[in-house]
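Got chain C sorted already, so can you dock chain W onto it with the hints?
Those sequence lines, one after another, are chains C and W. In terms of our numbering, the first sequence opens at residue 4 and continues consecutively. In terms of our numbering, the second sequence opens at residue 291 and continues consecutively.
Hints listed in this document are in silico derivations from the structure and should not be mistaken for laboratory results. It is possible that part of the hints are untrue.
[Unchecked claim] So, partial list: chain W residues that the calculated Cβ filter (under 7 Å) puts toward chain C:
1. V351
2. N354
3. V391
4. G392
5. G537
6. G641
7. I642
8. Y733
Even glycine gets a Cβ: it sits at the ideal position worked out from N, Cα and C.
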Amino acid sequence: MPQSAEKILDHGPLFREPEYQEMFARKKACDGAASIDATALQSEYTKGWEYREKNFAREALVINPAKACQPLGAVFAAAGFEKTMSFVHGSQGCAAYFRSHLSRHFKEPCTAVSSSMTEDAAVFGGLNNMIDGLANCYSLYQPKMIAVSTTCMAEVIGDDLHGFIGNAKAKGSVPEDFDVPFAHTPSFVGSHIDGYDNSIKGILEHFWKDNPVVASASETINIVPGFDGFCVGNNRELGRMLDLMGVSYKLIGDAADQFDTPSDGEYRMYDGGTTIDDLKAAKGAKATLALQHWNSRKTLEYAGSVGQETASFNYPLGIRATDELLMKISSLSGKAIPEALRLERGRLVDAMADSQAYLHGKRYAIFGDPDFVQAMARFILETGGEPVHCLSTNGGKEWAEDMQVLFDSSPFGKDCKAYAHKDLWHLRSLMFTEPVDFLIGNSHGKYLERDTKTPLIRLTFPIFDRHHHHRFPVIGYQGGLRVLTTILDKLFDKLDAETNIAGETDISFDLTR
Amino acid sequence: MSDSYENDGKAHEQYIAEVLAQYPEKFAKRRKKHLSVAKAAEVEPDAPVGEEGPLLTECEVKSNIKSIPGVMTIRGCAYAGSKGVVWGPVKDMVHISHGPVGCGQYSWSQRRNYYVGTTGIDAFGTMQITSDFQEKDIVFGGDKKLDKVIDEIEQMFPLSGGISVQSECPIGLIGDDIEAVSRRKGKEIGKTIVPVRCEGFRGVSQSLGHHIANDAIRDWVLDKSAEAEWEAGPYDVNIVGDYNIGGDAWASRRLLEEMGLRICGNWSGDATLAEMERAPKAKLNLIHCYRSMNYICRHMEEKYGIPWMEYNFFGPSQIAASLRKIAKHFGPEIEAKAEEVIAKYQPLVDGILEKYGPRLKGKKVMLYVGGLRPRHVMTAYEDLGMEIAGTGYEFAHNDDYQRTGHYAKPGTLIYDDVTGYELEKFVEKIRPDLVGSGIKEKYPVQKMGIPFRQMHSWDYSGPYHGYDGFAIFARDMDLAINNPVWDLFDAPWTDGGELLAAAE
Chain C
4 MPQSAEKILD HGPLFREPEY QEMFARKKAC DGAASIDATA LQSEYTKGWE YREKNFAREA
64 LVINPAKACQ PLGAVFAAAG FEKTMSFVHG SQGCAAYFRS HLSRHFKEPC TAVSSSMTED
124 AAVFGGLNNM IDGLANCYSL YQPKMIAVST TCMAEVIGDD LHGFIGNAKA KGSVPEDFDV
184 PFAHTPSFVG SHIDGYDNSI KGILEHFWKD NPVVASASET INIVPGFDGF CVGNNRELGR
244 MLDLMGVSYK LIGDAADQFD TPSDGEYRMY DGGTTIDDLK AAKGAKATLA LQHWNSRKTL
304 EYAGSVGQET ASFNYPLGIR ATDELLMKIS SLSGKAIPEA LRLERGRLVD AMADSQAYLH
364 GKRYAIFGDP DFVQAMARFI LETGGEPVHC LSTNGGKEWA EDMQVLFDSS PFGKDCKAYA
424 HKDLWHLRSL MFTEPVDFLI GNSHGKYLER DTKTPLIRLT FPIFDRHHHH RFPVIGYQGG
484 LRVLTTILDK LFDKLDAETN IAGETDISFD LTR
Chain W
291 MSDSYENDGK AHEQYIAEVL AQYPEKFAKR RKKHLSVAKA AEVEPDAPVG EEGPLLTECE
351 VKSNIKSIPG VMTIRGCAYA GSKGVVWGPV KDMVHISHGP VGCGQYSWSQ RRNYYVGTTG
411 IDAFGTMQIT SDFQEKDIVF GGDKKLDKVI DEIEQMFPLS GGISVQSECP IGLIGDDIEA
471 VSRRKGKEIG KTIVPVRCEG FRGVSQSLGH HIANDAIRDW VLDKSAEAEW EAGPYDVNIV
531 GDYNIGGDAW ASRRLLEEMG LRICGNWSGD ATLAEMERAP KAKLNLIHCY RSMNYICRHM
591 EEKYGIPWME YNFFGPSQIA ASLRKIAKHF GPEIEAKAEE VIAKYQPLVD GILEKYGPRL
651 KGKKVMLYVG GLRPRHVMTA YEDLGMEIAG TGYEFAHNDD YQRTGHYAKP GTLIYDDVTG
711 YELEKFVEKI RPDLVGSGIK EKYPVQKMGI PFRQMHSWDY SGPYHGYDGF AIFARDMDLA
771 INNPVWDLFD APWTDGGELL AAAE
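Bound conformation, chain C alone:
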């Protein structure tokens, strides 16, 4: 009997006990699934070039994609505003999924209500659901703003949010002057980063459209962070750098506090975020910058259309990417980059120099949202590594072209390639046929780690199976140090694991590395 009160075995060790192993064997003998031999044969076959070619010939089937759908981005975006409740118009299961998904990553509460549309709404439209839903949401959760997005159900039947919200206000669901910005976020177009973009744009339009303030009335710079699972660490780090510079800035959507509330006995349904007053004033900003270009194209276009100067970046991670951001902000604000930041930069360069021997020539596969992959590849190039396979399911043709420009800018980029609209099953073939030393991505990469035995470094959303990484920054020089250390830890752990058998491989089990 494997179990005892003294030493309780849970699923990890329990099922490795002989009683269970024998039971599995009995079950396998009559389960009707593929034979052990056939499985072994096919398993080998999937590692080869022939399978890779078939794999890349796929036109319709998507296997293990690295992207989510638009309304997830909208729910994330809404979390960045003061006392704002996300209202997902459509089927209710979607809202449950978005909340679960974000909670599993942040290990934090995530709120969103649904208009709970069912069959009758599919036939007659979801107007009544909007009317009742806004009224209930307003009385139960007492938000300052309700940000509406849509599921694919509402999009397919063509519900008109603008009209519906007007109708609901006329019926008294919420006061006439209550803020209900909205965005259509069809799941069958783009991905969560587009939902983020649409949502932020919708919120800005709501506050700016009939607002008489003119652009450049103030010295403030608006910053749109983009969909960022590391917003907690990153937004605070960005703020710290800009405070050091003495720049006047406002984040357009800052979910750092919402997704990092303290445990002190009180559950805060709302915490932090950009205030409505700041949002209104943001129209008068000198400029709007987007930290993640591919997340913010529509938003920036809109900011430009009200007369603001705009600029975008691809996630300021690493040395040069951070340099560029700071220099742009410096030139826009007229504030010099202070010595303190130059020293921080120097410290990161110092750290990279200290470790360069281990990093030089290492080969990586990187996957994730397009801005992240671009930033990460750029940083790897700065360390003398080769970002051999760069894959983004929600990256497009233009992104791949930008990536090629990046590769061409460094001798280390010679054998590197960007894969737009590809999934993690494609990446599996790439990693089997052209192996790399490390895989950088999110938790979904763990299946690739298992299959190809390539160590996974978790540096982007979603991270479900490691805790608290998102509480530390990955952008800026401080964030760069964190990324560098994370990569090095994995590298040294691997080196130790390969050299730790006493009397066999421990010749190189070096104390100092």
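Just chain W, lined up with the frame of chain C:
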């Protein structure tokens, strides 16, 4: 078995009134029907607890009704009920999340239905396979794409046992004919292809998804049962409605095998298509999650004459009662073996109760889960001397609340399709020692300083079924409640949140 206890029904009624006061009038009326306090039924003082005993209380509330909009219901959708619950665990089939990318992405690997197999080769459980609908698929229809997706699955995964098509919302709205495609392609590739109409907008919760998934088994799988290779034996049973979360079905299967039964099919945790197909050859269906799979049991009873029996493998008192009940069906030989099994594990049970009983006795628990757990786990807690202050279901029907009356003590707060607002208020008022619910509820509750265990995923632990599982269950409840972190919430220089006056 714990000492009998009673909850403060009066106070609970007051809490209900308080939460209802916050709603607009029309919706206060609607919500009122879903909230209640268990009323004592007339029973002998030492009547047995569980479905074999008498009704202890009357727990009925309105249920299986549309959620009201805008309230943060915790419910999911029909797709979640079909792909997430019933079909997803069938390991040698490729389950297509048919429609846009999100549904499959959010449900990817989150149910923890354990299985043995080589993922991507002969098993496909922890994969996200989708037709990733784009705008053109919505406009022109997705049937052609589905056709191609199936061909490509055959290319990529030739060892799959079959395919299921799990419909997402758009499928039913744009008029696709997935049944025709499935039938035609199934013939073409020579494998079972099961179309499932589990679009998320159907029904009021996951529950209709379970039903639709059951019907799909009936219509597309069981018709092949005559050809199934399986030499029927006298002690063949199916485990139905055990999804092998954290290995639950294995911990259960072991006990059934030990008492001399043979498992014909395991539905659907760690299942293969072949196990589904041959299920009608069994002598008895044992159903754990009544809510999600009673439909197919009823069908098999009608069509194949297979009786079915509910059982409860949470906690030693119900495990023993269930083993005896199951054994009785097979006669003295199996009954004797069942007694041997119970006796064999008694020392383990005694050890667990001795170790954890004193640490958990009298602790109050609130539950809000789905399926069978809001009632089935009550007795497992009570075996540890704990008390259930409130319970409720995400997607129960009337028969679930009736069955709850066999477990719940008088005064227990009952909440159906609870809203985020209500649950937060109830937890705040009752301040239980432990809340058992889902990931969406976990962090708000913990912020209040109240220990929490996810009771859908076993909070990444498990199994919780069977004797092996009860040990883990007891350990987990103890580690949640008795962790020192809960004493660190208040900064010592503050008093109840206010800054202490500076020392003079």
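Exercise for the section: Identify every previously stated hint that the structure contradicts and give their numbers, smallest first. Expected result: 1, 2
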